[in-house]
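Peer 1: Single-letter residue listing:
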Amino acid sequence: MNPIAAVRRAWLVPVWLVLATLLAGAGAARAHELGAGRVEIYFLPDSAFRVDLQIDPDLTLQRLQVAADEPPTPGLPDAPLREALLARRDELLATARLTAGGAALPTTLTYLPAPPPGKGGREATVRLEGTLPAGAEALQLAWTLPASRYAVIVHREGDDADPGADLETHWVEPGELGPPLRRAAEVPDRLAVARQYLLLGFTHILPGGLDHVLFVLGIFLFSTRLKPVLLQVTAFTVAHSITLGLSIYGVVSLPSSIVEPLIALSIVYVAVENVLHPELTPWRVGVVFAFGLLHGLGFAGVLSELGLPRSEFLTALVAFNVGVEGGQLAVIALAFLAVGWWARSASWYRQRVVVPASLAIAAVGLWWTVQRVIS
Amino acid sequence: MRTPTVLLTIAALALGSIAKPALGHDFWIEPSTYRPAPGQRVTLRHRVGNDFLGDPVRRDESLLVRFVTVGAEAEQRVPGVAGIDPAGIAQAPGSGTLVVAYESRGSLAELTAEKMAVYVEQEGIAPQLPRGWRGRKLLRDRFSRSVKSLLVVQGDGSAGFDRVAGLPLELVPLADPATLLPGGTLPLRLLWQGKPAGGIHVAAISRLDPKHPVAATTDAGGEVALALPRGGEWLIKAVKIAPSKDADADFESVWTSITFVAGNR
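Protein chains in written order, with the numbering used here: chain G, 1 to 375; chain F, 1 to 265.
I should point out that these hints are in silico values taken from the structure, not numbers from a laboratory.
One or more of the hints may lead you astray.
As the list claims (entries may be wrong) - Each pair of labels, with its calculated beta carbon distance range: (1) F:D246 / G:A48: 47 to 53 Å; (2) G:P113 / F:P229: 45 to 51 Å; (3) G:V373 / F:D246: 37 to 43 Å; (4) G:P180 / F:P127: 39 to 45 Å; (5) G:A94 / F:G232: 44 to 50 Å.
As the list claims (entries may be wrong) - Reference excerpt, derived from the structure (chain F facing chain G, CB under 7 Å, subset only): (6) R45; (7) V48; (8) G49; (9) N50; (10) D51; (11) L53; (12) D55; (13) L208; (14) P213; (15) A215.
Claimed, not checked - Simulated coverage check for chain G against chain F, where a stretch passes if three residues somewhere in it have a Cβ under 8 Å from a Cβ of chain F: (16) 65 to 74; (17) 143 to 150.
Fair warning: this is a prediction, and the values are worked out from it, not measured in the lab.
Built from N, CA and C at the ideal position, the CB exists for glycine as well.
With the sequences and hints as input, model every part of the structure.
Peer 2: Below you can see the structure in the form of structure tokens.
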């Protein structure tokens, strides 16, 4: 599968360049610094395509001159710069090799100068237009002009109709043949989507959701008997499934500035109640259910940020929720392994495990509450 | 933030080094002017590329170890906005030379032997590489940047051109580039961790004739003399290969450069 990074809008590319830079700096293998180069590829009706190469015209002219072993002439005014570039039309065309199935694609070149100062960026556009041959479903680009990794953004018919639609973005090394770019978007495989969102749901709890982990541990520590734990876990699961679904479908919503501190406060509540009222009452189950509604809104916030594929919306939603359940059950299973079922029946279990652990959880929850309110 | 996108972006970044060499490897600082007026603000751009023709590189806080100006009185951090080109802004002092210095963290790069051979040829680093590198299918290089630029304030004197910024690998002019006549020789010393670095290939590239660099190798005292045929903007560069401190890389490479205007005083 080709490496694809989806971004909401083309104008977010600089943001993603920054994010990618930051993330890559954390240790991922990469060749060199990311540059600011960008290519926009538009697939149009009747197999037509348009490739917009964003260039710094002054730098481009100098590169073409140096490649031809001529002295560079930096800093030309706009008109002579355009003239000089168009005089090198063939050289400019040769820097961007477009192919379909290995065969070169004939294109026409149009030069669109940079907007006047103060009216936008200083980038000019080299526009290549052509038509895919019959039977060809994809094209590939090798662009030798940039000196650093550049972004290739793919626009397809219908993309503009949905402003929230994801745009496909690839990162390509200069001079290297980019991945095949398909005229029609690939339909995601249902099983692959389910697998991906199942994993995302699970990892949102373990190891990603320490607040949810502490809440579940609070439930685990409440009782040494299985029934009260199961009752609470079921109430929590039903509740957060309800708000997750309703929130994703836009029926309910609360700002994260309210939800997140309340989630932290819910951790404090269950932990303190473990110490003060260790008996299962309908009230406790009701409170856990109410907190579950809150956690569901939190999950929905995360899932909204993750994004759901339009064609497999329900699959992804259900898979994510199942993943979350899996994560919670894993927390409880790990807690059983850590303290052991035998320890839960020991006389010292409450004094040496439940009370100190619950107090520690409450302290962390309280800290998060303050932190989230302040931030 | 859309995590799948981020994950896929990381994946995209992690992939990518196919067979053909990507040769955009020099890194330097390009100020808006090398001759600022006293107190003038100068924008500082990071550039990556070849032939002294670089792509702009946005300020990257995750890679930044040190980005400072070193003047006669004190060292000052270069302010800037993350993710923005230019990478920073400096203010010229009242007189003399202001040294702008940037040091980056190491980034891991995987190079095919073919790609490595291109670097070796271009940078003259063969003597520094571990034995048997040609037999390796893939080489893991942790590369970092140690670059600086000399801004000479308009007016009297360019004192401070030989100021040491304390970069891990640093080229220090031993004569004033601002007073260099065309065809004159510029002596420099290459320092590695503050000590002279001998036996290292140093190349000077002119903005006006980047395809014909002037090159020489440092002597035992880390010194090298380069005859610069013309004035104007110059980029002088060197690469030091060092053993890797971590198991995830086969070696570390530190890329240094100094940019300045020769003559013109």
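Peer 1: Hint by hint, where does the structure go against what was stated? Just the numbers, ascending.
Peer 2: 2, 5, 6, 14, 15
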